[in-house]
Amino acid sequence: MARRPKLSDVLYAEVLDQIRSGEFEHDAKLPSENELSTRFGVSRPVVRDALRRLRIDGYIHSRQGAGSFVTAPAAGADEHEPAPRFLPTQITSISDVQKFYDYRISLEGEAAYFAATYRTEDDIRRIGALLQSMKAQQADASGAIEEDLKFHFAIAQATHNQFFLSVWDASRSHIRFIIEMARNFAVRHSRDHTTMIRSSHEPIFECIRDGDAEGAREKMREHISRSRERVFFGKWT
Numbered sequence: 000m001a002r003r004p005k006l007s008d009v010l011y012a013e014v015l016d017q018i019r020s021g022e023f024e025h026d027a028k029l030p031s032e033n034e035l036s037t038r039f040g041v042s043r044p045v046v047r048d049a050l051r052r053l054r055i056d057g058y059i060h061s062r063q064g065a066g067s068f069v070t071a072p073a074a075g076a077d078e079h080e081p082a083p084r085f086l087p088t089q090i091t092s093i094s095d096v097q098k099f100y101d102y103r104i105s106l107e108g109e110a111a112y113f114a115a116t117y118r119t120e121d122d123i124r125r126i127g128a129l130l131q132s133m134k135a136q137q138a139d140a141s142g143a144i145e146e147d148l149k150f151h152f153a154i155a156q157a158t159h160n161q162f163f164l165s166v167w168d169a170s171r172s173h174i175r176f177i178i179e180m181a182r183n184f185a186v187r188h189s190r191d192h193t194t195m196i197r198s199s200h201e202p203i204f205e206c207i208r209d210g211d212a213e214g215a216r217e218k219m220r221e222h223i224s225r226s227r228e229r230v231f232f233g234k235w236t
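Position 65, counted from 1, in the sequence shown is what numbering that gives the first Met the number 0 calls 64; the numbers after and before it change by one each time, with no gaps.
Hints were generated in silico from the structure; no laboratory data involved. Even glycine gets a Cβ: it sits at the ideal position worked out from N, Cα and C. There may be inaccurate statements among the hints.
[Unchecked claim] Taking lysine to aspartate or glutamate and the EDC-like style, the derived pairs with C-alpha atoms no more than 20 Å apart in a straight line are:
1) Lys5 with Asp48
2) Lys98 with Glu228
3) Lys28 with Asp101
4) Lys5 with Asp26
[As the list claims (entries may be wrong)] Each pair of labels, with its calculated beta carbon distance range:
5) Glu34 with Glu201: 32 to 42 Å
6) Gly57 with Phe176: 12 to 22 Å
7) Arg43 with Phe176: 19 to 29 Å
8) Thr116 with Arg62: 18 to 28 Å
9) Glu221 with Glu24: 37 to 47 Å
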């Protein structure tokens, strides 16, 4: 039996048609989530899911603080063919999880390095506030996951490098999945998971705050590596 299309599938196709027809021109800013929600009569979560897929497929890209923009096709490319994907759309196997951990260690370790190099006072305040919010949300599983995700994204923002931001944004749903899985393991297997999770984030923030780029890279790689060890090998030290 064929899968019934979701509303986000329909919206994805509608926006893609308007990109291909030229209604949304190359490098033009797309309407806001609220405007798209009103125009197409769907909820904002539906809009966000459709936009996320358009970003993954390379049809649009995000600019920090400015919104979503139509991506111009590469010279000689067939604009009716899907753009290259940054990443597979799903994690479907244990092997995928292992490989994505390798990817996160590389990506986020370097993001932490450059965040410590280029961070501003505003970045320090933002990351510090998210760390405090993460501590406050530990009793609320979904809230804690969201704050954890925001903490890691704020570090990518502190690089002030649009390429880190684009790749991180394309990875967002995968990172959320991995964070949620790791936290579920921690809750089930560690009596003191709250302290463990908090103590693994604080050194990253401190290195970024102090401008210690090598330390930030090391602490981020250590943080994600320990998460992988807890998930795959049951190591809780």
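How the hints compare with the structure:
With a CA separation close to 10 Å, the supplied pair Lys5 and Asp48 stays within the 20 Å bound. Restraint check for Lys98 and Glu228: satisfied, since their Cα atoms lie roughly 13 Å apart, inside the 20 Å limit. A C-alpha spacing of about 34 Å is found between Lys28 and Asp101, which places the hinted pair above 20 Å, so the restraint is violated. At roughly 28 Å between alpha-carbon atoms, Lys5 and Asp26 are farther apart than 20 Å, so this suggested pair is violated.
A C-beta distance of roughly 40 Å is found between Glu34 and Glu201, which places it inside the suggested range of 32 to 42 Å. Our hint of 12 to 22 Å for Gly57 and Phe176 holds, since their Cβ atoms are close to 21 Å apart. Separation of Arg43 from Phe176 is about 21 Å and conforms to the stated range, judged on CB atoms against 19 to 29 Å. With their beta carbons about 22 Å apart, Thr116 and Arg62 fall inside the hinted range of 18 to 28 Å.
A hinted range of 37 to 47 Å holds for the C-beta pair Glu221 and Glu24, which are about 46 Å apart.
In the structure shown, a violation is registered for the earlier hints numbered 3 and 4, in ascending order.
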